[in-house]
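Chains as they are written, first to last, in my numbering: chain A, 1 to 310; chain B, 1 to 575.
You may find that some hints are simply not true.
Below are the DSBU-like pairs computed for lysine-lysine, each with C-alpha atoms no more than 35 Å apart in a straight line [unchecked claim]:
hint : chain 1 : residue 1 : chain 2 : residue 2
1    : B       : K38       : A       : K130
2    : B       : K495      : A       : K221
3    : B       : K26       : A       : K223
4    : B       : K271      : A       : K138
5    : B       : K65       : B       : K329
6    : B       : K349      : A       : K130
7    : B       : K495      : A       : K8
8    : A       : K130      : B       : K329
9    : B       : K349      : B       : K271
Some chain A residues judged to face chain B by a derived CB distance under 10 Å, without partners named [said to hold, decoys possible]:
hint : residue
10   : L3
11   : S32
12   : H36
13   : G38
14   : V103
15   : T150
16   : N205
17   : S245
18   : T251
19   : F256
20   : G260
Keep in mind the hints are simulated off the structure, nothing from the lab. Just so it is clear, the structure is predicted and the values come from calculations on it, not from any experiment. Built from N, CA and C at the ideal position, the CB exists for glycine as well.
Below, each chain spelled out in residue letters.
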Amino acid sequence: MRLFKDAKYSFMAGRRRAYIASAVLIGIGIASIALHGGLEYGVDFTGGTLVQVEFNEQMNAADLRSVVEEAGFAGAAIQSFGGEREYLIRLQTFEEIAGQGEVERVLDALSAAFGEDGYTVQRVEAVGPKVGSELQRKAVLAILMSFVLTLIYLAFRFEWRFGVAAVVATIHDILITFGFISLVGIEITLGTVAAILTIVGYSLNDTIVVFDRIRENLRKKRKEPYETTLNRSINETLPRTVLTSGTTLVTLLALFLFGGSVIRPFAMVLILGVLIGTYSSIFVASPALLEIEEYGRRRAKAQRAHAAGA
Amino acid sequence: MFSTVRARIILIAVLLLFCGWALLPKEGPTGERESALKLGLDLQGGMHLAVEIDDPDGSLDAAAKADAIARTLTTIRNRINEFGVREPTIQRVGAERIVVELAGIDDPERAKSIVERTAFLEFKIVRAGEEFRRALPRIDRIIVREIGAENLEAVPILEPETPAGLPELLQGADSANAEQDADAAADTATSGAGPDTATSGAGPDTAATGAGPDTTTAETGEQELRPLTALLLESGQVGQFLVSEQDIPTAERYLALEAVRDAIPRGSELKWGVEPIAGGADSYRTLYVLEDEPLLTGEDLADAGPAARDPTFNQPYVPFETTRRGARKFERGTSRHVGDLMAIVLDNKVQSAPVIRQTLGRRAQIEMGTGSSLQEAQDLALVLRAGALPQPIRIVEERSVGPSLGADSVRQGKFAFAIGIIAVLVLMVAYYRVAGVMAVIALGVFVVLLLGGLAGLGATLTLPGIAGIILSIGMAVDANVLIFERIREELEDGKTPRTAVDTGFEAALSAIVDANLTTLITAIILFQFGTGPVRGFAVTLVIGILASFFTAIYVTRTLFMIYLDRRAAGAPINI
């Protein structure tokens, strides 16, 4: 079987449309984030308490809410988690009152209302504000560091232009991913940040394969415009791009469908990331390279004109 | 190196055998066979706790803190060893934090209380309390001065049934009268026409002098405001007061005042009882007046337990044995106080206050309240044996996963893994035919290397780690795809199969190296940044990248060599 044999799409000609598409996607994302009043951070970053409980019998969310509220947690968020028996109880706070933490007090209230054996605690995540802000700082640092290091690596292995173009594409991917996260209502947790960093890795991977081919074709020194070289390189690597995205997507789809509810948001972010990463290596990274090249050429021309005039 | 096919096959076989061996179930320390892949807390269920020294006012300097952390680490280790958890992780992270990871425990809340408890034990004599009673009016005045009379309104002033001691009652009657006077004075003041003003005429100046009598009434008012006394009910027991549960926060606020602490008679201190006492519809706590010097502390204990239940009173107790030095101290202390009450104070709360019937020596027991369970008594014995924490600690992070959720995750992860592999297999064989089969064989080798590598390095498999494995299966074929596509291109350019394969591998190499290295960079950053599960994800990514690099370049190349050798000379290759 052979897909995209001798493909000759002129990707660069359509780059303006791709810019608009990207701008619209990013715009929708930013609008969603703005409308939601910022991104929704999980307890990992804000500090707070999350308790996932499974009841032996079907449980009404309103009943559960009233029990939790009576225990003194008026601001608690109750969320059904894959069924009528399983719930997430989310509290903004993490503190000890009279030697009892939030978790103990919530569980005491549940035991009093539904019996000690009426439920099972599936998961507890309680993070103090200090740890939360530490994790926040670390996450931002990790994302920035991955930028800087890959930029350095690419500048070293290729040219600085390639590095800049790759980082532009990566930022593009991250912006769209954050927008999507906000739109779908996924919380930002440690897992989400890991997924985003993985997307950064995947998107770079994809971009580099195209860039590697561009570099190779540039070395052949054909008498052709830069744009043509870019188009040729993308077309030549197109079968690989599609096939690798395909195999990665089917595995992620398996993870999304069968991996269970805890991993599902993580898989969802990765699926979107692979799609965006593939799109961006063709429609963002390579055009960015072209724009940088043309900008350099225009400047050189202007300088020559300036020199000639002087 | 290893340029001959035979040598390559041997190398691959050795690696496979090694990884396969690493994956075999091993005899665990308990004798049972365990899976070689160590499962993370999120997969086998368990608890992760991060604790720090509780030092809200920053009174500890760095050296004291470091010392406290080191001693806390040892104590927590001892306690967990006594508690009996398989392969616990108890380690210091950074300068100020201790991380405790306990796998496969079924009662995380209990484990938490064992870690968290300071377990600072003291035996103190209960004072008669007369001295404290005498100091009460002064303490009340101090509270009024510190907090301000206007802020005390929530507290009911002078309930008639309050301090029921005879002198207090008399005084209470007095102050009730005085209060009426004060109210009257206040009324006149608000009406704006005090008797003084009436006689000496109106005017701003006179208004100022008119403040004179107001001040005096305020003073008498101050005497009548009895914020603390109003909260204390007589218990009928020596040196013990009762405070209604709802008043406890208020009482604690008063007692926390610096000036109030200074006003408590020398040698005495106040401690709350641990058990609520039901009285009618209300529930009360005991406030004990204790000698501040303990007769004995937990440091003097040599052993504690096993806990048992007193058959007559149905009350659990923990027998203990003191050290030789402790025994002398205890004898000396208790011999002077036969007939007095001795409070057993654990973490600043009075557990119980039994009567000293005779001089106590080496052996004695801690009586827990009737509301305690035998398990609580056993846990107390455990923490007493392991020793007290040098400073109270505070939990800054708690994560736990129930065993059933973890088992679900493993089952679902395995299933997703199988489906993912089958899907990739179908895609590759459909697309590349014979070469696709080679890629699939390489993928099989990849999976064994990845899992064997994880097991061999003793890495922990976490839920995001499973996701990482599944993701890396999708990505592992990337290198093969790059190579195969390149070979196809070379064949189209009219090269012979052998040269096409050689050039294909060489030309694809730079892209494979660059792509893998950048992913490796992000994986290493993830490792640095992450804790627990995320770290597990990073580890699988790193091993996955290395394994896929090896299988794509080396294993597939070997398979191609075999394929090229076996094919009839000049026949086309199926790619």
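Numbered hints the structure breaks, given as an ascending list: 3, 4, 8, 11, 12, 13
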